[in-house]
Structure formats: structure tokens, C-alpha cells
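Q: Each chain is listed here by its residues.
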Amino acid sequence: MATVRIPPVLRQQTGGQPEVEAEGGNVGEVLRALTAAHPDTEAQLFGEDGDLNRYVNVYLNDEDVRVLDGLDTAVSDGDTVVILPAMAGG
Amino acid sequence: MAPTDVKQQVEEIEPFEAAQEIEGDDVALIDTREPHEYQEAHLENGKLVPPGLLADEIGEAAPDKSARTILYCRSGNRSYKAAEQLQALGYEDVASMAGGILAWQEQGLPVVAASGMTPEQRDRYSRHTLLPEVGVDGQLKLLDAKVLLLGAGGLGAPTALYLAAAGIGTLGLVDDDVVDASNLQRQVIHNTERIGEPKTSSARVTIEALNPDVNVVEHNLRLDAGNILELIEPYDVIVDGADNFPTRYLLNDASVRLRKPVVSASILSFDGQISTFVPFEGPCYRCLYPTPPPAELAPSCSANGVLGVMAGTMGTLQANEVIKLVLGVGEPLIGRLLLYEALGTRFTELKVRRDPECPICGENVPEVPESEMGKFPDYEAFCAG
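Residue numbers (the working numbering), protein chains in the order written: chain A, 12 to 101; chain B, 85 to 469.
A few of these clues could be false.
Straight-line distance between alpha carbons at most 25 Å, and here's what the computed SDA-like set of lysine to any residue pairs gives [as the list claims (entries may be wrong)]:
id: 1; chain 1: B; residue 1: 435; chain 2: A; residue 2: 50
id: 2; chain 1: B; residue 1: 165; chain 2: B; residue 2: 210
id: 3; chain 1: B; residue 1: 408; chain 2: B; residue 2: 272
id: 4; chain 1: B; residue 1: 435; chain 2: A; residue 2: 59
id: 5; chain 1: B; residue 1: 435; chain 2: A; residue 2: 26
id: 6; chain 1: B; residue 1: 435; chain 2: A; residue 2: 32
id: 7; chain 1: B; residue 1: 435; chain 2: A; residue 2: 48
id: 8; chain 1: B; residue 1: 344; chain 2: B; residue 2: 354
id: 9; chain 1: B; residue 1: 435; chain 2: A; residue 2: 79
id: 10; chain 1: B; residue 1: 225; chain 2: B; residue 2: 303
id: 11; chain 1: B; residue 1: 435; chain 2: A; residue 2: 35
id: 12; chain 1: B; residue 1: 459; chain 2: B; residue 2: 343
id: 13; chain 1: B; residue 1: 435; chain 2: A; residue 2: 78
id: 14; chain 1: B; residue 1: 435; chain 2: A; residue 2: 47
id: 15; chain 1: B; residue 1: 225; chain 2: B; residue 2: 172
id: 16; chain 1: B; residue 1: 435; chain 2: A; residue 2: 22
id: 17; chain 1: B; residue 1: 435; chain 2: A; residue 2: 95
id: 18; chain 1: B; residue 1: 435; chain 2: A; residue 2: 14
id: 19; chain 1: B; residue 1: 435; chain 2: A; residue 2: 63
id: 20; chain 1: B; residue 1: 230; chain 2: B; residue 2: 318
id: 21; chain 1: B; residue 1: 344; chain 2: B; residue 2: 449
id: 22; chain 1: B; residue 1: 435; chain 2: A; residue 2: 51
It is worth saying that the hints were derived from the structure and are not from the lab.
Note that this is a predicted model, so its numbers are computed, not measured.
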């Protein structure tokens, strides 16, 4: 089981939860488990081609999955997946 | 034999005599004043031994009791008393300089002065100069630094206040907005009386009241592709507290071209992010965020709300980054993104890598010719997409 950190802009879609537990052997599966449990998050995270939207950064613990194996990056029990969109508020 | 309870007269010498003597070897020159006086100005090779520490420290400063030992203070009184003490301690050849360093300077003799700072500045910044990481040299760097703040709003307000208090010599403020009542929940540099005034001039009033050393430069305008290079060129460090994506991407691209470091933070509701982008040394904003999010994923503080204190937390973190960059100390947030979540009071650090494919600072980006320097894509359209 991994912990997914939900950014403020997606919390409405997770019923206000800042963290969601999700099962999966890799980052893609964990995020799919999240979208299965909270379907409104899907359109924000994934494009029509099934890839992550370019404007969404995803980290496994403290590392950007773009420099790991992307959605195929293996996830272990207790890992944290951070979803991070850019923010512009000043 | 002279009775031992009669004090031996202390020899007093004139500054010009002292000047001749201390040119020779084997003369110990002792400054019997307080540290702050010494720091302001002292004689070359003068060793500081404050009056209260004379008995404890003289042995180290002047180990040879038979050697010529000349003492001075500000006007000659404290050094005279100290000379009496030294004679009582067994020093055999002691003299006090009459008139002290004041008389010395009146005669045009040279001193080692803490250059560049006035007595008022030495007092004002004393808590900085006490820090080995800052010191007088570091404070002079701060006083010489030119920092541009993008936005005199939520993030800009606390950043500007602390940078002004720290003695950043020139603070440029870019903002084309006026103070609104709804700003005052977080924009602590403005106040109720100044509602309706331009934010840049309101901020100037507060900064100048806080620290007259700061030269405030108002840029009461909106940043665009046509003015950005000219605007940021004179500054050493840029602080990004902009409230919109077009400005953030434009600033990034221009700052990479001019190789200006940018301290970038953003806030929304209870969340904040901060990183420091030093072109070609670490990643840039586009390495972190290749494309801006669509509007529904990028609400503004005015639409979504923001806890006022978030501006203070993230703004003061920005000020800290700026000061480290100016001083060249510590570890700035280069290649690191710090997230702060205020409801859980939790800080998270993420790694940010340079993207070899980055269209702005990547490996394959061609040199930008001088004629193209000021040309940027249409950011409004780019970010509206």
C-alpha cells in the first residue's frame, strides 16, 4: 500500500482528503487505483492517450518519476507518491 | 627604597611618539576599549584587550613583561588606568598614549576602519555582523546588493520587509496594482490608510520608515516580453512572487538568458512551494514545470483563497534564500523544491533535475543572438492554452 499526496486543487475530487492510500506495484497502478476510487481525478491526471498529463508532476518519494521509469516505476509498501501541479499564487 | 604603596607614575607619550615607536619591533600595542569601538576603528597591529578583561587577557596579548608596551583608548583615560594595572602586574616598560585614538586621528595618523559602514549602520546591523557567516564584509555585500521583487503583494510584502530590514541596498518593486482592502489579510507591508494607493508607493513608505539605507525603485508596470530584459538586467537576484503563469514563464526564460538567479515561491490555500533557480547551475522553472496547467487546475488565490500567514512563511523563506545567494553562504534550494503544507505543518523536499531537453536551458538550446534576446513567445496565449 502506498500513500498518495493529493494537491489542494485535486482535493475536491477526493472528498477533501489530502492523502489517499492506494494499492499498486508501480506508479501507474497506484494512480489508476486512485482514479478508480475517485473517478473525478482521472481527467486531471491522465490524457486521452492514457499518459500522464504533462502539466502534472509525479514523484515517488522525493524523485520525479520522469527521471525514473515513469508510470512503470516500481512502488514498494510504504512509499509516498506525490502529485504536484504548478501553482502560481503569489 | 621607595614605599611600595605609592603608585609609579605612568609614562604618557604623544601620538607622534607612539607612531615612531610602533614602527620598531618588540613593541606591544594594546587597545583598551570595548569591542564595538575597536571594530569601528583601531590602530594597525593594535591588539584588543577590553578593560574588564585586562588581567585575564594581557598575558596572551603581551607575554613579555619586559618589552615596551604602549596602551591607547579613545581619549587617554582608560589606557592610563590600564597602564597602572599593568605596572602593578609587573610590566616594566609601559606607556599610555595621551589623547587616545581621537588625538591620533586629529593628527592625521592612519587607522584601520570598518570601511563602508557608518556608526549608525554598525549599530543597526550589529546582530548580523556578529554572525561569522555574515560579518562586516557580508553586511557590505547586502548593502551593495540589488534585488528585484516581482509582485508587491502576498509574497512580496514579507520578502520586501525582511530584505529591507537586512539592509539590501537596492530593492526594486514591480507591481501595477493598487492596495485593496482584501489584500490586507496577508500583505503586511500595506495598511488600511493606503487603500487605493499604488502598491509600489505604499511599500516604499513602509520600507523607508523601516530602513533609510534602502534605495527603493518603483516599477509601477506590468511585466511583459517588451520590458522584461531591461527591467531585470540591473539586478543581482530576482524574487518571483507573481500571481500568474505567463509572468512566471516569461521571467524564467528572460532570467536564463541573462543568467540571473531567481528565488521562486507560490502559495495557494494552505500550501506553498519554493525553489531557487540558478541558470545552468541547476534546473530552471521549465525543467520543473515544462507546461503550465489548464485554468481549472490553476486557480488563483482570489478564486480559491489563501491563508494569510502562508504569504509570511513562504515570503520569509524567499528572503532567506536571497540573503544566502548574496552572501554566498549555506545551501540555497538549487535543484530542490520545498513544499510546505500548513494544515499538517509538514515540509517535504523533492529533487528537481535539469532537463536535458529543456527548451530554455537544455543541452541543445542554441545561443540566442543579441537581436533575438528580447523576443519571447506570446505568453498570454501559451498559458491560456
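Q: Run every hint past the structure and note whether it holds.
A: Hints and how they fare:
1. B/435 <-> A/50: violated, 29 Å
2. B/165 <-> B/210: Violated, at roughly 29 Å.
3. B/408 <-> B/272: Judged against 25 Å, a Cα distance of about 23 Å means the pair holds.
4. B/435 <-> A/59: violated, 28 Å
5. B/435 <-> A/26: violated, 29 Å
6. B/435 <-> A/32: holds, 23 Å
7. B/435 <-> A/48: At roughly 29 Å apart (the allowed maximum being 25 Å), residue 48 of chain A and residue 435 of chain B break the hint.
8. B/344 <-> B/354: Outside the cut-off at roughly 30 Å; violated.
9. B/435 <-> A/79: With a Cα-Cα distance of about 12 Å, the restraint between residue 435 of chain B and residue 79 of chain A holds, given a limit of 25 Å.
10. B/225 <-> B/303: Given that 25 Å is the threshold and the Cα spacing comes to 24 Å, the pair holds.
11. B/435 <-> A/35: Between residue 435 of chain B and residue 35 of chain A the Cα gap is close to 23 Å, so the pair holds against 25 Å.
12. B/459 <-> B/343: Answer holds: residue 459 of chain B to residue 343 of chain B is near 16 Å, not above 25 Å.
13. B/435 <-> A/78: Answer holds: residue 435 of chain B to residue 78 of chain A is near 10 Å, not above 25 Å.
14. B/435 <-> A/47: Measuring from Cα to Cα gives roughly 29 Å; hence the hint is violated.
15. B/225 <-> B/172: violated, 46 Å
16. B/435 <-> A/22: Judged against 25 Å, a Cα distance of about 24 Å means the pair holds.
17. B/435 <-> A/95: holds, 12 Å
18. B/435 <-> A/14: holds, 18 Å
19. B/435 <-> A/63: Within the cut-off at roughly 19 Å; holds.
20. B/230 <-> B/318: holds, 8 Å
21. B/344 <-> B/449: Holds, at roughly 18 Å.
22. B/435 <-> A/51: With Cα atoms ~28 Å apart, residue 435 of chain B and residue 51 of chain A exceed 25 Å; violated.
Violated hints for the displayed structure, listed by number in ascending order: 1, 2, 4, 5, 7, 8, 14, 15, 22.
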